[in-house]
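A.B. asks: Protein chains in written order, with our numbering: chain A, 4 to 178; chain B, 4 to 178; chain C, 4 to 178.
Derived by calculation from the structure, the hints in this document are not laboratory data.
Be a bit skeptical, because a hint or two may be false.
When chains are identical, the list treats them as one kind, so a pair holds in a single copy or across two.
In silico SDA-like pairs for lysine to any residue, Cα to Cα no more than 20 Å straight-line [unchecked claim]:
hint, residue 1, residue 2
1, K178, A81
2, K59, L116
3, K178, Q165
4, K178, F27
5, K178, S25
6, K59, K178
7, K59, V78
8, K178, A56
9, K59, D48
10, K59, R21
11, K88, Q9
12, K59, S25
13, K59, L120
14, K88, R62
Fair warning: this is a prediction, and the values are worked out from it, not measured in the lab.
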Amino acid sequence: MAENSQLAGIHLILGGARSGKSRFAENRINHAGGGIYIATGRAWDDEMANRIALHKSSRGEIWQTIEEPLDLCAVLTACNHEGSKPVLVDCLTLWLTNLMLDDRDIEAEFDRLCGILPGLDIPVLLVSNEVGFGIVPENAMARSFRDHAGRFHQRIAELADQVTLVVAGIPMSVK
Amino acid sequence: MAENSQLAGIHLILGGARSGKSRFAENRINHAGGGIYIATGRAWDDEMANRIALHKSSRGEIWQTIEEPLDLCAVLTACNHEGSKPVLVDCLTLWLTNLMLDDRDIEAEFDRLCGILPGLDIPVLLVSNEVGFGIVPENAMARSFRDHAGRFHQRIAELADQVTLVVAGIPMSVK
Amino acid sequence: MAENSQLAGIHLILGGARSGKSRFAENRINHAGGGIYIATGRAWDDEMANRIALHKSSRGEIWQTIEEPLDLCAVLTACNHEGSKPVLVDCLTLWLTNLMLDDRDIEAEFDRLCGILPGLDIPVLLVSNEVGFGIVPENAMARSFRDHAGRFHQRIAELADQVTLVVAGIPMSVK
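Only chain A is shown next, with the shape it has when bound in the complex:
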C-alpha cells in the first residue's frame, strides 16, 4: 500500500523483529532532508556500542543523534523547541524495557508521553516492536512486558495520525 510521503503529526510504526520498521522510518525522514534520531537502546557492551556507532555514522550528517534510555519526554520537549526537524524515536519497546529494568511507574510514564505527544509541533515517528502475536510467554517479566507494550501501542495508536505495520520491509497502512 502506498504511504503518504509527507511527514506530519504522530506516526506509529509497528513491526516484528528484523521487519525493516526502523529502516522504513529512517527512509521517510531521509526523504524529508534528515532529522533527529532518539536512540533509546543502551550500549551494554563494546559490541553494542560499536553497532550504535556504526548505525550513527551510516545515517550521515543530515541526522542528529540523541541517546536517551529513560527520559524520552524531556528530550521530545527539548526537540520541540529547536525548530521543525522531524524526530524518530527508535524504539518504544527498548524504552519500555529500560523503564521496567529501572523499576519506574510504567503507567505514569505512558501518561506523561501521551500527554506530551499531541502538543508537539514537529513530526514524530515512533518505532516499536509488535510482540503480542505469539504464545503466552512462560516468563512472568515477558508477560508483563507484552501486556504493557500492547496497552501502550493502543494508546499511542489512538492519538496517532498514522499507524503502519511493517511486514518484510513493506508498510501496511493500519490507520
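Model the placement of chains B and C on the given structure of chain A, informed by the hints.
C.D. replies: For chains B and C alone, coordinates are given in the frame of chain A:
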C-alpha cells in the same frame, strides 16, 4: 480501514495480546444497543474473579453476561432462541485452553461449533488471540495449542462473514 | 482483499503457524493446472515421512514433487530449464532451519537465492513462516533464526512482485 458498523452474521475478531480486540468487539455491540457477553475465561483465583466482576459491571446494564468455560455450543443455541440480541464470545482461545485442560476431543468440538454457527439467526462476534506469529514454542502443549488455534481460526474465517485483525486497537479488514 | 489470480513472477507468501499459507499457495497453482512442489522439510522419522507421503498423494497428479532440504538454488535453476511450470517452495523457514543445522554460511546462501530469483522465467511462489511478532526468545538459536528469517523476508519481499500475508487462511495483500 473503516468497518461496516452494521452487525450481521458471523464476525471473527483476531488480535494479539492486549491489542484491543475485546474492546473493539464490545464497542461494536455497544453501538447496537448491547447484547449477550459469553465469557469463556475461568475464575481461577480471587484476583481473576475480581477482574471478571469488574469487567462485568463496567459493561453496564445493556449487557447480559453468561460464564461458560466449556459448553459454548449449548449457550449459543440457547441464545439463538432468546431473540435477536447480538452475542460476543470472549474468547475462543480461552475456550480452547479449557477444552484442552479438560481433555476434550478438540476436533469434535470444533466440528460442533462450526456446524452450529451458520444456522444462527443472531449476529455473533467471536474474539480470539492470534498466536501463530512467533517462534515455534519449546513446550509441546503450547505447540499443540497454537496448531489447534490456527486450524480453528481458518475454519471459522472460512464460514465468517467478516474477519478483522486488530492491531494496536485499530481494526484491519481481513475479510 | 482480492488476489490477482494470474501467476507471474516471484510471490512471497508469509503466514503464521497453521495459517493456511501453504494451502493458499497450492490452490493458486492448482487453478493454474499444477506445478512443481519443492519440499524443503526433512523426514526426520516415520511419522514425518508418512505425513509427507500423504501430502504428496493429496496434491494429485498435476503436481511433481521434489524433496530438497539444502540445495534449493540448484533445484530452482533446474526447474527453470524444464519449461514453464510454476514452482512452489514450501517453505523458506524450513530451508533456513536446515541451513543452520548444517552450519552453512546463511548470508551467502541468501545472496545466492536472491541472485537467482530475478532471472527465473517461471512463476515462483515462496511460502515462509512469519516468526518475528512474539517476545524475544530466550534461546539464542531461536533469536538467531528469527533475525535471519526477518532479514531474509525483507530481501525476498524487495525483489518480489507480490507479497501476501495469510491470516486465518485469508490472504492480505502486502505488496
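A.B. asks: Return the numbers of the hints above that this structure violates; sort them in rising order.
C.D. replies: As far as the earlier hints go, 1, 2, 6, 8 and 13 are violated by this structure, in ascending order.
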